[in-house]
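Read top to bottom, the protein sequences are chains D and L. Okay, so the first sequence: first residue is 0 according to numbering that gives the first Met the number 0, each after it adds one. Okay, so the second sequence: first residue is 0 according to numbering that gives the first Met the number 0, each after it adds one.
Honestly, the hints are just simulated from the structure, not real lab data. Take these hints with a grain of salt, some might be off.
Unchecked claim - Derived CB-CB ranges, DEER-like:
1) Gly216(D) - Gly243(L): 45 to 55 Å
2) His35(D) - Glu78(L): 48 to 58 Å
3) Gly190(L) - Thr380(D): 28 to 38 Å
4) Glu184(D) - Ser56(L): 47 to 57 Å
5) Ser260(D) - Gly190(L): 36 to 46 Å
Quick reminder that beta carbons are idealized off the backbone N, C-alpha and C, glycines included.
What follows is the residue order along each chain.
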Amino acid sequence: MFRPLYTRSLPRTLGLSRRRFISTTTPEIPAERHGHLPSSHSLITPTLSFFNSVTGGGTQIPTYRVLDGAGNVIEGAEMPELDRDFARRIYENMVCLPTIDNLLYNLQRQGKISFYMTAYGEEATIIGTAAALAPDDEVLGQYRELGVLLFRNWGLKAIMNQCFGNHMDKASKGKQMPVHWGSPEHHFHTISSPLATQIPQAAGVAYALQRDPERRGHNCAAVYFGDGAASEGDFHAGMLFASTLPSPTLFIARNNGFAISTPASEQYYGDGIAARGPGYGMDTIRVDGNDVLAVLAATREARRRCIESGRGVLLEAMTYRVGHHSTSDDSFAYRPRQEVEDRKRIDNPIARFRLFLHARGWWSDEEELALKERFKEEVMTEFRAAERAQRHELGELFNDVYAGELPYNLKEQRKELGRLVRKYGDAWEPWREELKKFKDGGKSVMDIEDK
Amino acid sequence: MLTRAVSPHASVLYRLPRHAVSRLRYSTAVDAVEPPPAGGHLPSIANSAILRTSRDSALRTPGLKFADDEPGNSLTGRETRRMNVYQAVRDAMSIALAKDDTAVVFGEDVSFGGVFRCTMVCLFTVLVVAYPAFLAVGTSAPGGPSHVTRSADLVPCFQGLAEEFGRERVFNTPLSEQGIAGFGIGLAAMGHTAIAEIQFADYIYPAFDQLVNEAAKYRYRSGGQFNAGGLTVRTPTMSVGHGGLYHSQSPEGYFMGAAGLKVVIPRSPIQAKGLLLASIRDPNPVIFMEPKILYRSSVEHVPTSDYTLPLSQLEPVLPQSNPDITVLSWGTPVYTCETAAHMLAQPPKGLEEIVPSAVRGAKVEVLDLRTVLPWDIEGVLERVGKSGRLVVVHEAGMTGGVGSEIAATVQKELFLRLKAPVRRVGSWDTPSGLNYEKFILPDAVRVLDALIETLTY
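If we strip away everything but chain L, and leave its shape as in the complex, we get (with noise of 0.2 Å):
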């Protein structure tokens, strides 16, 4: 392992093509180690409280539920290690495929690793035994951003997961949305495990008549007799900063009339690991959509075991005992609220006249939906059933996005209870114009705004 990793192809391995360095240009954002403002210390992805970086936080995740087949459920023992997201994804995917014979990986280019690297394996000895001060700053400096990013970026080797698991099982494929969609439906037909990705988001329209049509009445139209169970397709999405019209949406809203479908998307690394894990199992066809903002930027320690969250769950990621305010998001935005309700407490340099200070004591409680479709509705009225308020935030547009489901659920559930009218904030209904990202995202100050507002309703 040792001389492979240090080879001097390493640097060739890891070269990455131009549409995936445009990525890691992106990531420097997170790169930037600034001391807190004066102001008030605003979290961000590298920084925030949410992410759990320490092994005994990591093993504490709620619902966590390591797999049978593990020895003991005991958490002494458990390993932990530093991933970002698509470490953890493909993490996940190896160890479905190294207990699961007959599933398979397959898409545009994730035989070579993916352009977001998700189908590669990346050997971490070499970092640790070249650097040990790098292990040491890793596990004894939580929250310290400066080390996040530069043992991500300085990772010296890479393997495939078709190296590993062999081109039987690791596959590229035509370039063909709907052939990906449509061959996995056929494989998860016979009982096989069919992880397939559709590059980004902004591609599966081509597969929607295979997702939608068949692989989510599968089960139904055959009596039970057949089922796509097996299917899970991983789609890269949400917004990157530069992507354009296409390669920045969110289309999680196109699926949520789509019955027989489940559609997922985690937040960090344990969560895309553990929900990863739980929609390949699933015996239903999952729409697995990962935040690909986050590939790089989010790093928490993660149960190196195999392990998985539940589905359909939402967990509060800023939970409090009696809430003002219930703010619902998923993905990316979940940091944005995070980073919204402290500038509402202690409101950065410039916001100070803005924030009322009546306001600024508010209770605000974040939660991740996590499952989209079926989302916890259960869940959902619990929480605003305590608060009464509730903002809800996503990044795709407004009409027709899945905030007008949940606000309308909530109206006729809640409707007594409710102090405020139910409020969304999500992208414009425009397309995601390159140079107008900052104003069509529903950034931290827009969270900030309909907290004020529907406080002060």
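Chain D on its own, in the form it takes in the complex (with noise of 0.2 Å):
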């Protein structure tokens, strides 16, 4: 019997089909037969007929969602397996997201970090997929995922510490820019700013793991990304080998509605970014990535599916970017400061769950209060602490860039910069400032003749 060259087993057994996301967009299978393409199982019809995911009429690909905005469970949904601790740690982490999140962004504006992002608006999709993924699952983040690594209980010591980049800063040892975090104890890879780099990364990532007996079928590399960095080439490669090689990646877009000032109205023009998942022969889902619960339950199912079959699951969550884009953006110019106000006020990720914690009894306004403050407290003792360690030695600046010794030029623009600070180290003010910020005061450089 013929076979053709690209054939794979697609996992078809599952309750959700593929197919049942594109239904409204594939053509109807013709009723004549006239057999095959020579690499292709698609039938051969006379009928001249387009498809396209975006059809008009309201037949987009449905979102998935648990609770209402009251936090009730919406009619026909499925509550995910939950337990009042569990789902206690996912409501306080959302909440100290954002208390972490106030403080930082306000600490930039005050001019004391040079750099931060908030994650307002889509606390419930970062601690709702964090909550759904293994510990020691891979993650591999674009920037806007602190609170994978707050789940995962990485500290705010460290938080703080990579914010000041100070010599207690292991994520980058002051290197890069804050909320660039990274943690191997914590399978979390270092955050970079080329968007969507770490996409196919992940894809080797998960080839990894598939290749390990000890991690094969227990963990999948989880990597997320928002609707912009979408469009990056890198976004079609990562795809492309997850579905191609037997690598369990789960790709998680955030789809929040803006890239910095531009619109997914300007980004995109298919069926938002689930509509490529099926291009790709990719079991896809949409959720309303407001709903915690949702979020949940969609992360869980498409974990197990990714690890099960070996092969990329695609989940875009849908959300909206309530705070600016970064410290350096004010998106006031760009969007209405009413629409931010009334998304806060009317689909509010963090009230919802709460309304439904409180509706069973698992919450208070008590703790609520509680939490808050003790919260507060803590994350301005450890800024505190962070703020007044120094910076790592000078020296360090020329570590890392290769693995073992120092090359020729590296050693000797060492010594060149030893001999310019101790030149000019005490003349020249902007250098003068700066080096009583390092721990060693530049002597680590300064010192490299007499070593």
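Reassemble the complex: the two chains are provided individually, in unrelated frames, and hints are given to aid placement.
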């Protein structure tokens, strides 16, 4: 029997078939059979018919939701498995995230740290997905996923140290901008600024997981990215590799409506990011990113399929970027303030989940107050400790370019910097002030010739 | 093994895609067995003195270090086998795959053996058994060019690395260079060994962002917590005679500023195997550029054991104790420099009038840089410090080429010792126009001219 060149066994036994997600956009299977093409299962049809993911008339890919705005489970929806303690842990992290964001945002405004990015409005998406992952699933983020590290107990201390780039900052040793976190112990790969580069890398990470007998069938690589980053070529590459090669990669698109000032309507013409999944032969779901229970349930199922099939799965979380893009951005230059205020009030992911918890008797106003007080205090303590700490040694700037011994040019350049610091370190005011911030006052490069 | 090799399918296995056939055709350039010219014996790739064509000289390759886990480190009992560059490359990959369970090889079309056959394993047995005469010829006539290409062409049967190590470890990827590089970085970030192939160096640019912004900076930006050190990107480079704009490029200069990356370019089979194994095991991401014209045309006796050659260390291929001039190159033009040095000493017919007799006795030292980033600054300064004259030869264009970096460093460090300006011989700052290659690429006469001009400055 004829067997096409590129057959693969896709999981079709699961309750939600791939077809369901694209049922409104795929053409009808023709009644007549005229055979097949040499390299495809496609049936021959005499009907001249086009298809598109955007068909108008409200036939877009549906959005999965569990809780309504009042925190009630909507008709027909099934509650994800959830006990009191786990629900409270999710909620506490959802509350803590904007508390950290508030403080660090304000610190940037005061010039104490150089840069910051908040995750306002995306708390349910980030904490909900984090809660559905195993603690040792490898996470590759874009930059708005601090909540994952928070959920994995990376700790306030490490967060503050990274933002200040002080000598206790292990994440980048003061080499990257704030919010570029990373921790191997927490299986969170270091963030980098170039958008979407982490997407094909995630497929490689997942392939490594699949090759590791200890982790095959237990772990996936979860990669986060925004709707804007999904326009990069690397998104295409990552989706392609994870669908073609056995690499359990969970693609989590945070569709928050904006890429800095560019609205989603100028980012793509199709039906969001989800519509692209089927094109890569990938199981796909769109979820209400402001409904933490929907995010939790969808991510759990996406993760399960991902690991079971050993291939990529796409999840698009629909949300809204309530905050500015970053501290270098004033978003009211391109969107009305009222729109943002309305979204915050009408569709607040934290409020929605709080109503749910209240209804179950799992949370109270007193606990809310106490949590916020306790957390604010902890945040301030850690902030003060991090702020006071000095930076790494100045010589650290040459380390980790290469593993092993410094190459000749870097040795020479380190020596040259030492000469310059000796000569101008006191006389040149911008350097004098800056040198004080380093643990060694610059000695590590100045002493190089004596070493 | 034997039955397999003489099976009627052998010829089918040997069949190559059209793509690679063009390389075959080119290899006939070294098939021509002509007697040495009357005016002097000009070396070419086929009979270069640089190539180590006996077991003894192969085992005495400077810097060669057998793997620690190999029994004994003495030379007695070590075997060598005649290989060309692509055979040496796949020999290295085969060793890397056999010794490291995490190692995987991937790229476009690597699964069937690669368009340059670097991911195939070649079974020599039949050649030896069926035609014992070749074995005798191969070991007893060093320098004789006739057997060199014949033996390489007559290898009757191939087995893909994919068949030996499985499709999980040697596999095709979708046609996306940025995907290949990103995927490799992800594997390396998990501590695995990723040996990626970009089909032609001309097509490495779509992966430039992943290589320069990601692979190169992975360790630095994470404070040493993560790294992409397990990544090696192999890619065929340099001209091939008819490659036109996009099968000829030498992009090593574009990576010169990518601190964190290493760029390695071998000149021969022994070098290719040793440097590739060193690159694969180096704890930094390495771009390994294989001069594609040498895949089939340069043949050496290559030690069959696991060995490495040092990175960031040049090798004097034509050393001189008191050199008058130093010529520095890497990859294919190393042979051009060797030819030019001979032309200077014994000008071939037609050039006798042009080469001044005063420079014919000049001692020309030829160095192979081998690692372009980080390059062996100390080694270059030491050698040029003795000769006082430097000619740098590369196939890439002049502006922004690696030669500019070397020339600038040498003039800064050796200003008072230089007897002539550092001279660069490269391609012109044009793309590699198909019909114009002979006038674009630095050939022996251009290197000869640079030698004369520098020596008579």
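Hints broken by the structure, by number, lowest first?
Every hint satisfied by this model.
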